[in-house]
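Participant: Same order as they appear, the protein sequences are chains Y and C. Take 1 as the starting number for the first sequence in the numbering used here and just add one per residue. Take 1 as the starting number for the second sequence in the numbering used here and just add one per residue.
All the pointers check out, no bait thrown in.
DMTMM-like, lysine to aspartate or glutamate: derived pairs with alpha carbons at most 20 Å apart:
1. Lys37/C to Asp36/Y
2. Lys37/C to Asp42/Y
3. Lys73/C to Asp28/Y
Rough simulated footprint, nothing fancy, chain Y against chain C, three-plus residues with beta-carbon under 8 Å:
4. 25 to 33
5. 43 to 52
6. 69 to 76
It is worth saying that the hints were derived from the structure and are not from the lab. Note that CB positions come from ideal geometry on N, CA and C, so glycine has one too.
Here is how the chains run, residue by residue.
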Amino acid sequence: MAISNPQDLIARYLQAVSFWLPRAQRQDIAAELAADIQSQIDDREAALDRPITVPEVEELLRRRGAPILVANGYLPQRSLIGPLLMPIYLLILRILALVCLIPSVVIGLANLLLSHSFWATHSASQQFQNFGAFWNAMISLAFSSIATTTLAFAILEQINQRTNFLTRWEPHRLPAVRNPHHVPRSGSAIQLAVSILFVCWWIKHAPPAVNFPMLHVSLLFTSGFPWFFWGFLLVSLCSGAIAVAHLVHPCWTRSRAIVNLAVDLLGSILFCTLFRSNPFAAIFDPDIQPGQSVAAAQTINHWLITLYPWCLLIAVITTGVNLYRIWRLNKNASA
Amino acid sequence: MTSESFENLRLELRRGSLVLATLAALRQERYGYTLRKTLAENGLDIEESTLYPLLRRLEAQGLLTSQWREEDKRNKRFYQLSAEGTEILNQLLTEWRSIGTSLAAILQEDSHGNL
Chain Y
1 MAISNPQDLI ARYLQAVSFW LPRAQRQDIA AELAADIQSQ IDDREAALDR
51 PITVPEVEEL LRRRGAPILV ANGYLPQRSL IGPLLMPIYL LILRILALVC
101 LIPSVVIGLA NLLLSHSFWA THSASQQFQN FGAFWNAMIS LAFSSIATTT
151 LAFAILEQIN QRTNFLTRWE PHRLPAVRNP HHVPRSGSAI QLAVSILFVC
201 WWIKHAPPAV NFPMLHVSLL FTSGFPWFFW GFLLVSLCSG AIAVAHLVHP
251 CWTRSRAIVN LAVDLLGSIL FCTLFRSNPF AAIFDPDIQP GQSVAAAQTI
301 NHWLITLYPW CLLIAVITTG VNLYRIWRLN KNASA
Chain C
1 MTSESFENLR LELRRGSLVL ATLAALRQER YGYTLRKTLA ENGLDIEEST
51 LYPLLRRLEA QGLLTSQWRE EDKRNKRFYQ LSAEGTEILN QLLTEWRSIG
101 TSLAAILQED SHGNL
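Just chain Y, same shape as in the assembly (with noise of 0.2 Å):
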């Protein structure tokens, strides 16, 4: 229906504005606003010598603005993260995006498609059926990780409004300038005695069993161990030795990063086919009746096997930080 009386138009701009307000102020600030809007028409009809028209009323409601924005002015301005959180915000959620959310999605579509279940036993519809379920999976996962981290996000803006404690900061706790080709040398102490202990544990108790006394549990490997036991003792030495290089001069070299990056490929190839060979005959555990010894060997090799994009994904992330390191090497040695 078509405003003829300009007052209409105004009330009801009023009472859109008013809307927004807060309930305490809305009475006065709309009757400031009326009393505002009232005396520009007075001008302009004072100047136009007639009343003022339904659309020359618009027209200057046009100009004071949307009544959502006008109200707005009014209100005091809140964010649910404030600009000091919003960059940490942002590198949170790239990080879940690259850590979390993109792996779930290339392993869980990987397990999905490479199982024999799915293409085997299942219908057209019942595969559709399935991948819908996977994506419903996957959407609920994104929406719950994204929602976790920014209500997180909103409480410490929160806490931050009433102490300030992201703004208290010292100088002399900055962290130390970051030199990229640095390795520090507790990591390289740690890295080496790990090698250690892992080269005496795995001579000791593995052939042609791994022997855990701790728990007195033995895990039985198939025929093909001894590639294995050898690989992974290999891959251990040469870790260790690069531990001792970086002990000496903690510091990556073009040489060391490509020895560093041959270990890592034969690690990640001895692992991720041990996942995949059902590397497991038997279990020995007290817990264990003998004749289920088997029975349990096989549900591990299913778990590995369960487990082997996730090993696939790890083994291609490793080589592609040492090939990123190889190369940011070269283009400092070329610079």
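We have chain Y; now place chain C onto it with these hints.
Facilitator: Just chain C, lined up with the frame of chain Y:
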């Protein structure tokens, strides 16, 4: 793009001076509409949606006082600088002049350098 950048910077520059202009104009009691007209006549156009929230903020800070009064058979809210507002205005004007002096010195220095 250049004119857009200029417009953004111009608005930013004016935003700070609007508080000063509003406080200065309210040394004399005015209601919102006449205040806006006064500022516009002196070259400082300000939108209603900016002016009224600003007046409320300044009043909440104790720099302005206001009262509803009838004028020309209409109820209007009149604003005026408070005692505290007068003190703050004087301080701000000193600061404003100091910025002007600094800027003039910098510009003069630059023009000497260029010459």
